[in-house]
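Protein chains in written order, with numbering that gives the first Met the number 0: chain A, 0 to 402; chain B, 0 to 402.
Please note that a few of the clues may not be correct.
No copy is singled out in the list; a pair is fine if it fits within one copy or between any two copies.
With a straight-line cut-off of 30 Å between C-alpha atoms, the simulated DSSO-like cross-links for lysine-lysine are [unchecked claim]:
1. 381 with 1
2. 381 with 88
3. 88 with 339
4. 339 with 167
5. 167 with 57
6. 81 with 381
7. 315 with 370
8. 306 with 339
The set of hints was computed from the structure by calculation and includes no laboratory data.
Number of protein chains: 2
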Amino acid sequence: MKILVLGGDGYLGWPTAMYLSERGNDVAVLDNFAKRRWEMELNVEPLIPVHTLHDRVKAWREVSERSMNLFVGDLRNYDVVKDALQTFKPEAVVHYGEQPSAPYSMIDHTRAVFTQTNNIAGTLNLLWALRDYAPDCHLVKLGTMGEYGTPNIDIEEGFLEIEHNGRKDLLPYPKQPGSIYHLSKVHDSHNILFACRAWNLRSTDLNQGVVYGIDTDEILRDERLATSFHYDEVFGTALNRFCVQAVAGIPLTVYGGGGQTRGFLNIRDTLRCVELSILNPPRSGEYRVFNQFTEMFNILGLAELVKQQAEKLGHKVSIEHLENPRIEAEEHYYNPRHQKLIELGLVPHLLSDVLVTSMLSRIQEHGNRIKRDIIQPHVRWKRSPASPDGRSSAQAGISTASE
Amino acid sequence: MKILVLGGDGYLGWPTAMYLSERGNDVAVLDNFAKRRWEMELNVEPLIPVHTLHDRVKAWREVSERSMNLFVGDLRNYDVVKDALQTFKPEAVVHYGEQPSAPYSMIDHTRAVFTQTNNIAGTLNLLWALRDYAPDCHLVKLGTMGEYGTPNIDIEEGFLEIEHNGRKDLLPYPKQPGSIYHLSKVHDSHNILFACRAWNLRSTDLNQGVVYGIDTDEILRDERLATSFHYDEVFGTALNRFCVQAVAGIPLTVYGGGGQTRGFLNIRDTLRCVELSILNPPRSGEYRVFNQFTEMFNILGLAELVKQQAEKLGHKVSIEHLENPRIEAEEHYYNPRHQKLIELGLVPHLLSDVLVTSMLSRIQEHGNRIKRDIIQPHVRWKRSPASPDGRSSAQAGISTASE
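Bound conformation, chain A alone (with noise of 0.2 Å):
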């Protein structure tokens, strides 16, 4: 089948133009590189080197005997989006291209409009593109679980059947997301149900726990292959985050009390995911929602689990709590389903101690390249609360992030 890859630079974007690609599908991927942007903007970087997409791409040709299309271009330049989907003629299209932060969203005004604009632009020219184009193709769209917040009620996947003064309909799950990124992802949803019941479009809107991993099998085949794996307090995630502060001997920052529940799953169940969504696409009008992650856990249960392991390989951790910089609920009910994919064939990679084990061992491999300074969280979600109402003081955020 021929898939056209959206943000192929990035974390997840790379490996899963490799994981389509090894099975034989005509993987072509696409990226403006805008994420390379933000790291300098930040001075943060991915703890293992990552060649630019162009060396990859050869390398994994030369690995793999599998050839991949390079489109380089901007999502918002409607043309790069038309000519893409002209020239490749993609069956499926994976959309990871979107800014992916959310502390980046809140960092100020600037990169909060930008985060929005962007994300949304990209996204509305993609669904116009297909419209025009390709009407045909399965657009596979990446969100996120943060779209839901935490209700306190069960949540079920994107729809939400509601009885209400004798009367029943299928609406839309109503969603409370906690950042400027993640109300982009919101935005998207809805665009995107709007697309597909006014063009006859079809999508899979995949609503993604928190990932993490290093390395899948295609990964592992070349060190030039590796992807982008963040652990800064702006790119990375919890656990992700969580295992390089223990190699590194700094305390494992727990946000507020811990008890932050979430859907994660392993970057390897992220591109069997996709590869499900592909294999069983969804009839032409309908818009469907996968909640994609294996399993919960809450914070403090998260950095303990890595506790445990690194002190098992002699690491000496402590767990530290932070005053939380987010606005986000520290105790709260948590009831995702997540069944649809199961139902397709997902066979969970669930977090073992082997896993953790063999994660602190590849990031103690690159140990001498963390940066021990971009890990402490900066960015906040209110004003920084240096005066008593917290909101007169000066400017919140990195000092370094401004332009």
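Given the structure of chain A, go ahead and fit chain B onto it with the hints provided.
Relative to chain A, chain B alone:
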């Protein structure tokens, strides 16, 4: 009270500014005159000549002896927003400053992306600037009843108590908007709700029905104070358009069967609803939604009502059912609540024979200015149906609107 009206040059913004000024408030208006450019793009113009905003502010001062501050700028420019808040120090901001037309948003991908990024960026800048410079200011935001779509259950005012699997929560009402424009308002609503929760802002989201009417008491005081009454396919709304068609001797164009039911209100009630919201502000951190309309009509019923009254005045009127250019249910359940503004004291100006007659007479006075060729719908929600599958034909949309 000090009140800043964003979009103060518009159909509703200008009458709102005068209405609030007349009642003793210190009012400022802000606009970037974007709508004047959109009118040029499409070669449409309001029925009654509209003086520049500068001249109208001057005329209002002469007529009322009340002055108004005037800011010229684009809300997408953060400095414009920040400067207006810092200079004028409003206690309430009434936000009409968005691209307000569903057909405009559906012309082509450029205008689709523009509508969403323009509306979202302006409102996000406003929220951020309120957080940092006017956290106690009350944001009165104009949304639309179109955010809800036409669900098969009763529509509540913004939130819905949901019981699911034995647990309960009060959640944002699920939204199913029917155009790129309506989607932009849904995105705004999510963003504002977040800002209220995260930053303790206070906001009233007015989910407004379709507004009709030409005159308010303030407008009637001087011909230089007229507001921009549109009757064209892009900026005109149903009742206004029907009245112009009746006077011009053009068939009243009902889209599809005409069973589409919507909430409507008189322009005078718009002003009063905004005033009632300002007089009864929400508490800090509160995001509330008022459904702002006074009665419901289906489109065919409205056309018949106009026909009846126009015929009494001697006009010869017919009704024509056009293939619906939109994608919407033409027969549907519709039962939205609209109690909250009534509870605050709204006494509706219901649509009477007298009002329709007076609108028809006022339009008659300017009958020689009616452009007959801008009323018929050309903007289609789907691609032009010239080809059987509705997809492979040439670019849909109005030919004058390329850029």
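Q.
Please list, smallest to largest, the hint numbers that this structure does not respect.
A. 5, 8
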